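Chains A and B are the protein sequences, given in the same order.
Going by numbering that gives the first Met the number 0, 225 is the number at position 226 of the first sequence; the sequence numbering is gapless.
Going by numbering that gives the first Met the number 0, 172 is the number at position 173 of the second sequence; the sequence numbering is gapless.
Careful, some of the hints might be misleading.
Claimed, not checked - Computed footprint of chain B on chain A, listed as stretches where at least three residues anywhere in the stretch have a Cβ under 8 angstroms from a Cβ of chain B:
| no. | stretch |
| --- | --- |
| 1 | 4-15 |
| 2 | 18-25 |
| 3 | 38-51 |
| 4 | 126-137 |
| 5 | 184-193 |
| 6 | 231-241 |
| 7 | 345-353 |
To be verified - Label pairs and their calculated CB-CB ranges:
| no. | chain 1 | residue 1 | chain 2 | residue 2 | range |
| --- | --- | --- | --- | --- | --- |
| 8 | A | Y140 | B | L66 | 52 to 58 angstroms |
| 9 | A | H55 | B | Q276 | 54 to 60 angstroms |
| 10 | B | G93 | A | D71 | 38 to 44 angstroms |
| 11 | B | R321 | A | R236 | 35 to 41 angstroms |
| 12 | A | P56 | B | D334 | 38 to 44 angstroms |
| 13 | B | R261 | A | R236 | 45 to 51 angstroms |
| 14 | B | D334 | A | A435 | 31 to 37 angstroms |
| 15 | A | G392 | B | G329 | 38 to 44 angstroms |
The set of hints was computed from the structure by calculation and includes no laboratory data.
Remember, it's a predicted structure, so these values are computed and weren't measured experimentally.
A virtual CB, placed ideally from N, CA and C, is assigned to each residue, including glycine.
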Amino acid sequence: MSVVTSYARALAVREGRAQPVATVRHLHLAADPLVFIPLRLAGEAAAPLGAMVGSHPARPHLLVVPQPRNRDLRFAFMAELARIMLPYIEGRAAATETVPGKNERERYLDAPQVIVPGRGAVEFVRLLGRSTRFRSADGPYPVDPAVPVLGQWLTFLYERTEFAGSSALVPMTEALSLHWATGQSPMEDANLATLLAWICPPPGHTGQEAAAAAEDPVRWPPAGPDTDPGFDARVLRPAIDAYDASGSPEPVREALRGQLEPTWRLMWQAVELLRGRPEAASVGDRWAADRDRYTREVARVAEGGPPRGRRDQAGSAAARLWDMESARQSYDAQRAYDDPLVMAEHRATGKAFAGEVVHVDRERTILLPGGKKPVSRPLVTVRTADPVRLAPGKKVFSAHRRRQSGEVIELDGDLVVVQLNDQLAKGAGVPGVGDAVCFTELDLGGRIRPGFPAAEETPWTHGGPPAAYVPTDEDAKEDWS
Amino acid sequence: MSTSTERLDALRGGAAPVDHNARTVAALAGNPGCDRRAVLDAAGISKRDTAVHLGHPAPFGQSPFALARARSFEELVKADRCAHLLRLLREALGLPIPAIAYLDIPQAGGQATRELRHARTRKELRQAAESAVRDGSGDGTLVDHPLFTLPVAGHEVYLDPAVLAVQAGSRFHIVEIKSFAVIDGAADSAQVAAASRLSAVYVYALKAMFAAEGIDPGLVSHEVVLVCPKDFANHPTATLLDVRLQLAALRRQLSRLTRIDRILDRLPPDLTFSLEQSPAELARAVRAAEARYAPECLSTCEMAYFCRSDARECGSLEVLGRVTRDDLGGLDSVDAVLDLAADDRRTASEHDEIAEQLRHVHAIYRAHTAAEAVVA
Ligand code: SF4
Numbered sequence: 000m001s002v003v004t005s006y007a008r009a010l011a012v013r014e015g016r017a018q019p020v021a022t023v024r025h026l027h028l029a030a031d032p033l034v035f036i037p038l039r040l041a042g043e044a045a046a047p048l049g050a051m052v053g054s055h056p057a058r059p060h061l062l063v064v065p066q067p068r069n070r071d072l073r074f075a076f077m078a079e080l081a082r083i084m085l086p087y088i089e090g091r092a093a094a095t096e097t098v099p100g101k102n103e104r105e106r107y108l109d110a111p112q113v114i115v116p117g118r119g120a121v122e123f124v125r126l127l128g129r130s131t132r133f134r135s136a137d138g139p140y141p142v143d144p145a146v147p148v149l150g151q152w153l154t155f156l157y158e159r160t161e162f163a164g165s166s167a168l169v170p171m172t173e174a175l176s177l178h179w180a181t182g183q184s185p186m187e188d189a190n191l192a193t194l195l196a197w198i199c200p201p202p203g204h205t206g207q208e209a210a211a212a213a214e215d216p217v218r219w220p221p222a223g224p225d226t227d228p229g230f231d232a233r234v235l236r237p238a239i240d241a242y243d244a245s246g247s248p249e250p251v252r253e254a255l256r257g258q259l260e261p262t263w264r265l266m267w268q269a270v271e272l273l274r275g276r277p278e279a280a281s282v283g284d285r286w287a288a289d290r291d292r293y294t295r296e297v298a299r300v301a302e303g304g305p306p307r308g309r310r311d312q313a314g315s316a317a318a319r320l321w322d323m324e325s326a327r328q329s330y331d332a333q334r335a336y337d338d339p340l341v342m343a344e345h346r347a348t349g350k351a352f353a354g355e356v357v358h359v360d361r362e363r364t365i366l367l368p369g370g371k372k373p374v375s376r377p378l379v380t381v382r383t384a385d386p387v388r389l390a391p392g393k394k395v396f397s398a399h400r401r402r403q404s405g406e407v408i409e410l411d412g413d414l415v416v417v418q419l420n421d422q423l424a425k426g427a428g429v430p431g432v433g434d435a436v437c438f439t440e441l442d443l444g445g446r447i448r449p450g451f452p453a454a455e456e457t458p459w460t461h462g463g464p465p466a467a468y469v470p471t472d473e474d475a476k477e478d479w480s
Numbered sequence: 000m001s002t003s004t005e006r007l008d009a010l011r012g013g014a015a016p017v018d019h020n021a022r023t024v025a026a027l028a029g030n031p032g033c034d035r036r037a038v039l040d041a042a043g044i045s046k047r048d049t050a051v052h053l054g055h056p057a058p059f060g061q062s063p064f065a066l067a068r069a070r071s072f073e074e075l076v077k078a079d080r081c082a083h084l085l086r087l088l089r090e091a092l093g094l095p096i097p098a099i100a101y102l103d104i105p106q107a108g109g110q111a112t113r114e115l116r117h118a119r120t121r122k123e124l125r126q127a128a129e130s131a132v133r134d135g136s137g138d139g140t141l142v143d144h145p146l147f148t149l150p151v152a153g154h155e156v157y158l159d160p161a162v163l164a165v166q167a168g169s170r171f172h173i174v175e176i177k178s179f180a181v182i183d184g185a186a187d188s189a190q191v192a193a194a195s196r197l198s199a200v201y202v203y204a205l206k207a208m209f210a211a212e213g214i215d216p217g218l219v220s221h222e223v224v225l226v227c228p229k230d231f232a233n234h235p236t237a238t239l240l241d242v243r244l245q246l247a248a249l250r251r252q253l254s255r256l257t258r259i260d261r262i263l264d265r266l267p268p269d270l271t272f273s274l275e276q277s278p279a280e281l282a283r284a285v286r287a288a289e290a291r292y293a294p295e296c297l298s299t300c301e302m303a304y305f306c307r308s309d310a311r312e313c314g315s316l317e318v319l320g321r322v323t324r325d326d327l328g329g330l331d332s333v334d335a336v337l338d339l340a341a342d343d344r345r346t347a348s349e350h351d352e353i354a355e356q357l358r359h360v361h362a363i364y365r366a367h368t369a370a371e372a373v374v375a
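Next comes chain A alone, as it looks inside the complex:
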């Protein structure tokens, strides 16, 4: 999949520590992200057991469910979580900016950023959202009114993760793996403790030694949402039994504090590591998309918009799919444009080449098919050591002057002739002899989504117009046992 990453993994083994695979940081990092480490009871789909949450390393909030099988205690936990998360999430809706253009709109200058340990926690966020967003503050099974609101926001955060490059809900192990390659397998990289052990081994130890030590679940409890089975048997079960017998949640609190604190420290250590990298050029644009989505969601929730349905409707699913693919394409391209180490991969596989300009034909003009007046189409000859696999006629883009496109005209040994097609006003976009340039077939995308039928025009092949989703009492009182 990536020769650069694989090479860096091999190097990490020899050097005894993780090796960088990025020169810049490819995600947004808030000044005060909300770190959220949820735990669940083993064997249950979505029974919260506890969580550590907060936006300051020195002030973690510890929440526990002393008897996870008790439905009322679960909702009390969600209400408490809402009291911490909602002010953080809703509090980002303060100052706005005006986004000019065809679709002129207001946009909040900030948006929430929630960081969780890994993919498992992201999935758990989805389930917590799903199990609470349909609840109702009145009716036969009333819950705290903040609970369904939190459910909507957790759902929003989860859905952002389906769009590549979003920084709204970040699984930390994946954020780190985007920047460092370790000497272990990707499967083992999903363990936050071993991943960090490879990235910053303690003095006098290799990454491998540090990672082996970090595999001990007693010293480094799993980052959740699943707890260590040994901990469940030896510590948690007696603590829950004690709660059942005495009504005191303290033993469960202390047990979970011990499980969560090490991960809490690792999470903030990782935040600082990422903060130490300079932000990549396109991160601001992608964060703006997160802020756009957040702005819309704030308005929707304020208007009392219904929670997302249990399933996608055909029309919106098709549009979402298109958006997801287009986000993925721009994200992959942007990272390459922003970062020479990411571009290295494309150069190694021949989809990009870098080199020095050895000749420029600035004055060249050609007659376009059907055109009457010759237009300027300068030629640039580049000497490169890269194994170019772009055939003549291939459309390419300049990595240095984003959005300037061109076309490969000729390949001759280590020389590539490129014709520049745009951004040529007054010759400004033409490099000079001796300049370092890089051309690639990677397209930054950013096209307008083609029209998908509106919900009411869904073709009958896709089930016809869907009935609008209206949450029912059934949903509100759904069992959570």
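Assemble chain B with the ligand onto chain A, guided by the hints.
Chain B with the ligand only, in chain A's frame:
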């Protein structure tokens, strides 16, 4: 056969053999190239105890909460002589079951009773099949805790009786009860995939049993009935799971499994994996059987930490995962990769293409990380 059985008994060194289950068979098929695992499993040696003795205990364990949850859900589904289950089979799946006989093969432990239970399973299912063939859509039969055997690497092993078999009309289905939730019609794909692989093992075993009894194995459906809790509640729901793909993979891989005799022939004649010896001696013995470590072993084989440590010791690329191994196709060690990458002399080799890419990456990589190295 008997000689290899004697060899396997000797390898076990007097300890009682451990049971196979569908998970171990599925995992075995998942790494068919590993002689070490094939021998340990065929001999019924406890890989868990072996790993502990070697000082590399496996990170496997199940939470008492998960076990309790699985047990209570199974009890719920099977309560009142499987009342829930029958309703699901009839309603949700429309299986034509007018009346049904419920048969439980009693669960008593021990090697001796395993044969009896296996014989009983065979007899009940044969009778059900015969009556089904005789009078078409006759009454159904539900067999709980059936004990199947399966030939693995030329050796019959017993399978944990963790499923049910149901006969409805002239079709037989395997029924698997799992406690992971189906939420809004979708379940965790990894868990569904694992359940499909396990069920396929039972379908395969049931087909094999029919074939051995002279009954048409085609009567066994490749659709498995998977019973899971629905949404966040405890209510069971049933789905038909098509396991044809898993079945084909299992069949292919089991047939490819090197026959155990061939592996045994390559091992020293006096070899034993007895836990009576010192860890160092046991490690030497285990190393006599060739391993094929991959990170996937970490979730499927109790020997994984031991094999990983050996693989790391010799600088194997396998420890870095399949993607890396494929990226660096053909090269097998960390040193080979890095030496090739740093080799400016462009020594001609069979790895020309990857070598060129590596040299290229090496050069770019050096250029862009050198600055940082100075800082760090
Ligand atoms: S862990 Fe070792 S014995 Fe088990 S399958 Fe992998 S290589 Fe074979």
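Hint by hint, here is what the structure shows:
no. : hint                                : in the structure
1   : 4-15                                : holds (count 9)
2   : 18-25                               : holds (count 3)
3   : 38-51                               : holds (count 6)
4   : 126-137                             : holds (count 3)
5   : 184-193                             : holds (count 4)
6   : 231-241                             : holds (count 4)
7   : 345-353                             : holds (count 3)
8   : A/Y140 x B/L66: 52 to 58 angstroms  : violated, 30 angstroms
9   : A/H55 x B/Q276: 54 to 60 angstroms  : holds, 56 angstroms
10  : B/G93 x A/D71: 38 to 44 angstroms   : holds, 39 angstroms
11  : B/R321 x A/R236: 35 to 41 angstroms : holds, 37 angstroms
12  : A/P56 x B/D334: 38 to 44 angstroms  : holds, 41 angstroms
13  : B/R261 x A/R236: 45 to 51 angstroms : holds, 47 angstroms
14  : B/D334 x A/A435: 31 to 37 angstroms : holds, 34 angstroms
15  : A/G392 x B/G329: 38 to 44 angstroms : violated, 33 angstroms
Figure legend: structure checked against the earlier numbered hints; hints not met, in rising order: 8 and 15.
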